[in-house]
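Colleague: The chain contents come next:
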Amino acid sequence: MKKMIVMSMAAVIFASQIGIALAMFDGNPRKGRFIFRQECRPCHMENPIGPEPAHYLGPDAKRQAEWAEVFQNKEELPCFEHWKDVSADDLNDVFTYLHGGAADSPTPEKCG
Amino acid sequence: MKDKMPPLSRRKFLKTSLAAAAISAGAGSPLVKSLVPRAHASGARPPGQITSHYTACDMCFNRCGMIARVQNGVITKIDPNPAFLKSRGMLCARGNAATKHIYDPDRLKYPLRRAGKRGEGKWERISWEEALDYTAEKLLEIGEKYTRCGVMFIPGSDMQSQFVNRFAEVFGSYNITSHETLCLLSKNRAYLDTIGEVPYPDVYYSKYIIVAGANPFEAFITPDTMDFFEARKNGCKIIVLDPRFTKTAAMADEWYQIKPGTDMAFFLALCHVIAKEELYEAEGCCPVNTYGFEEFFLHIRKYTPEWAEKECGIPAQDIARIAREIAAAAPAAMVYPGRRTSDYEDSTQIRRAMAITNALLNNFDKPGGLLAIREVGVKTPYYDVPWYDDNPFDRVEAGLVPGLIDHEGSFQLMREAIISGEPYPIKGWFNFKTNFMQTAANRNKTIEMIDHLEFIVNIDIAMTDTAWYSDVVLPGASFLERKDPVSALQGSSACACAVFRDPVVPEMFESRSPFWICKELSKRMGLADSFDFTIDEYRRQQVDGLEGAMEAMENMGVYYNPSKTYGIYAGSPLKTLTGVKEIFNQRYEASGVDPMPVYRRPKQPAENQFRLVVGRTAFFTHSNTNNELLTEFMEENTLNIHPEPATRMGLSDGDLVEVKSKAGQGRLRLEFTEGIEKQTVYTATGFGALSPEMSLVHNKGASISELLEDYHDEISGNMAMHETFVSIRKVA
Amino acid sequence: MKKKYCMVIDSSVCIDCKGCMVSCKVQHKVPRGRWRNWIKHTEPDFTMGKHTFVHFQPGNCMQCDNPTCVYACPSGATYKDEETGIVHINEGLCIGCGNCVVACPYGARYRHPEKRVPDKCDFCRDRLDMGLLPACVDTCPTKARTFGDMNDPDSEVSRLLRDRETVRVVSKPVDTEPNLFYMAGVMPLDWPGPVEYPAAYRAMTGFVNPLVKIAVGLSGLGVAAMFLKQIFTSDETSEDDSREEV
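Respectively, the protein sequence lines represent chains A, B and C. Okay, so the first sequence: first residue is 1035 according to my numbering, each after it adds one. Okay, so the second sequence: first residue is 840 according to my numbering, each after it adds one. Okay, so the third sequence: first residue is 91 according to my numbering, each after it adds one.
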């Protein structure tokens, strides 16, 4: 277990730019929040209302490294078809938002 | 005793039926020593009869369960809900005085619009229709002229605050700030940056507790306040560090009159002893489950108990002994995290030193230590937020401090930004039940901020000082008149619970709930979709999937979720950057902040000057002082001072003095006590109101907001209220 | 079976929060400046350094078995209820002389400014009728007060009186035999005042030995008062029927 922690530590440090401010990446986290709520939340909220209900997702549902992984391997996601409609800029905003409020971020954020 | 029918009492005593409490309490939880009412009354009753109604208190932020007794449509008495474990079935003086909160002769009765200058007190009565139309028009106008972020929202800390917050977000402003930015932000920051979340202290099962920078016996934090006594019965030792002889100090096993602002020296020295003597648990704690223990070991070499004694005034041998005692009691031992931590410019670092001490005690997620956040299961109903392309990039005070908590902000820094107009203008203020004119340091600066605003709308139950300076004042309904959404609460290890409120009596006068107000405004602003629901529908979404929750809240006044209390992490990584407890914080280092707490000697008052500290009594919450039942204990605030310096200055007990700081001045009567450090003076919050409609506290004593200078915590932006020096002069 | 209500108080856990005082004040509509209960305290001795302490002591009418207030009442308005042990005031019989107020060494009685009759703690008789604990006991955060029937051997108070060492705070000149029991170690103990009987009584019994005066003269009057009270108030519980259970 100890080893796992050390490994995940390394991954986290590698994946995340260390800084205490909320916005860690160059996107606009507030616009990212808006887009996330528009595009992803209907299926990913606590009481999903979207076409393909899935489990809750908000920034605090994953660690920063895990968000980085999700975005790196987005092709593997079951809802990837839907992602194609979202522009690269918008995706960057969404990532900035999720990463900035991740569980291990300085200010974890729930997406209500 | 149950069988006989005595002449006096024809009713049988209901022998403490703790069944309800015991079922949900689980093993080991203390039982509530009280009686439960026979039935939860409902429906119409003949006149003269007493009905009972469950609700949750709102006289502070703890939301203790209560039962309101109603006779002839009037609330005559409020009792504790014995089944409410979070408050251990009690109700404090404040809660008992809620009858005078609802039936306060100073209550606002109908909407008002300012007719004279701000603060002049000239008002015209307007209809709700007009008040709502006018408010909607002004908010839209400001949004149009200065972007939607041109309105500052302060939603309060109420069970309906979430609706004000929602309204702010659907309106399109992210300049939302809170009362917490004058309160507990420094502690939250420190624990987030050390263990990745803000823990709850498990006082009940603790064996050794150091209380520093906290006064739980007067401030009332449920269930901590009561649990100290249960813990003590089981042999817990309580050490209190405080420049003042508070009631917590008066009942501690040991009280040390620490020099103000030097707590960090004490805790670094404590860590020094624990580390040097290897009193920590090497297997499960250090260095394996911490980050930066080796660096810390070197870092604290110089912080010896002998060094600390010179700084904080606590004998080195006591520091060393306490270190050994608390380490021996660990992990069922703790440094109490405290609550209001808006004290010093380095308050986050002071609390970091305490959090690190807790890390060395290895007490997180364990009985008698610090508890992780438990699952209550109450959901947050979803809503869409709009996006305005012309909105600025970030909050107005973003980047001014490195550790701003985005959803809290910093009122003090926002105030600076509003006055300077930089980086962009804010011209509107939507306020609910927050009285920064009385509670935020440097009132003159708040007035200056107000001078820069074009429109202020305020929802409150009475004409507070902040309402007095507003443009539109909307009469809010008291908590006893409202239907409120579900609120999730954690009560230490006692419970993870949820409560809601139904109206005990109808809304009085023309008062209305914030929910109704937001709903009506949203209709007028093209946002109706966002408030297209009833409270009942909202509650159902909140407790969706929580079996029996609604019934429990209806029948018992509270729902308990039997979620896990200890070992929640069970080996999985903490929510910190490194996944372990961060003694060394790399994010701090990257932001140019000391990665480990570095002691800084506090500024010292000049001769014949005093450090002003503030605090609260067991019967007032902040500026919630205008209550006839409570002012009986204190009609005006006084200035506590040590007789030695006072006598040297030719002052006597009871003298009226002028207290002066760089921010302002006020008049207070001296109250001599040896229970205060000699260069420190203390006064209570909530007096010296400017508004004559706070009739019991208007012109009584002095307001802390007038006297305190505005400093802020360099990391979190929290207010720093103990950095002000005052001079004292006798009034002829 | 007759009841004998009492309170057993663990003053070592009292934090002087005033919860009991406000609860009582609201329950009984006690006017501003007057109280049916109190919290006394010791003065801190700061020479004790880190061990400096304050001991708080909540209290109220002690429902004494040797009730000087009852003896002092000329009209029988103040009486001790044999069924409960509670000392009551029948306001209809009260002539407002105020004798009972000064006869109480604990200052437990005040004269109601509007009603012109004395008022004091009655262990919340109305609440007991509803199956509720006295207001101060119910609300107390640290549960310093335990209330119950000491004639019932299974009650919590009986258990505490059996298992724990308790003391009473008593007026030095007269042991009024209070029914408020404190856990041993309670402080302060020196605050109860003297028992003051009205001048008329002193004149009446002046030629008798002062000790006999108290023992015989006044208790005789007290007995008479009890008797009168029984005549006038034997049906006092009938109002109970209209009271709703809650």
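There could be a bad hint or two in this list.
[Said to hold, decoys possible] Taking lysine-lysine and the DSS-like style, the derived pairs with C-alpha atoms no more than 27 angstroms apart in a straight line are:
| id | chain 1 | residue 1 | chain 2 | residue 2 |
| --- | --- | --- | --- | --- |
| 1 | B | Lys1218 | A | Lys1096 |
| 2 | B | Lys939 | A | Lys1144 |
| 3 | C | Lys130 | B | Lys939 |
To be clear, the hints were calculated from the coordinates, so they are not data collected in a lab.
Colleague: Against this structure, judge whether each hint is valid.
Modeller: Comparing the hints with the structure gives:
For the suggested pair Lys1218(B) and Lys1096(A), the alpha carbons sit about 18 angstroms apart, so the restraint of at most 27 angstroms is met. Under the criterion of a C-alpha separation no larger than 27 angstroms, the hint pairing Lys939(B) with Lys1144(A) is inconsistent with the structure, at around 37 angstroms. Restraint check: the Cα-Cα separation between Lys130(C) and Lys939(B) comes to about 25 angstroms, which is no more than 27 angstroms; the hinted pair holds.
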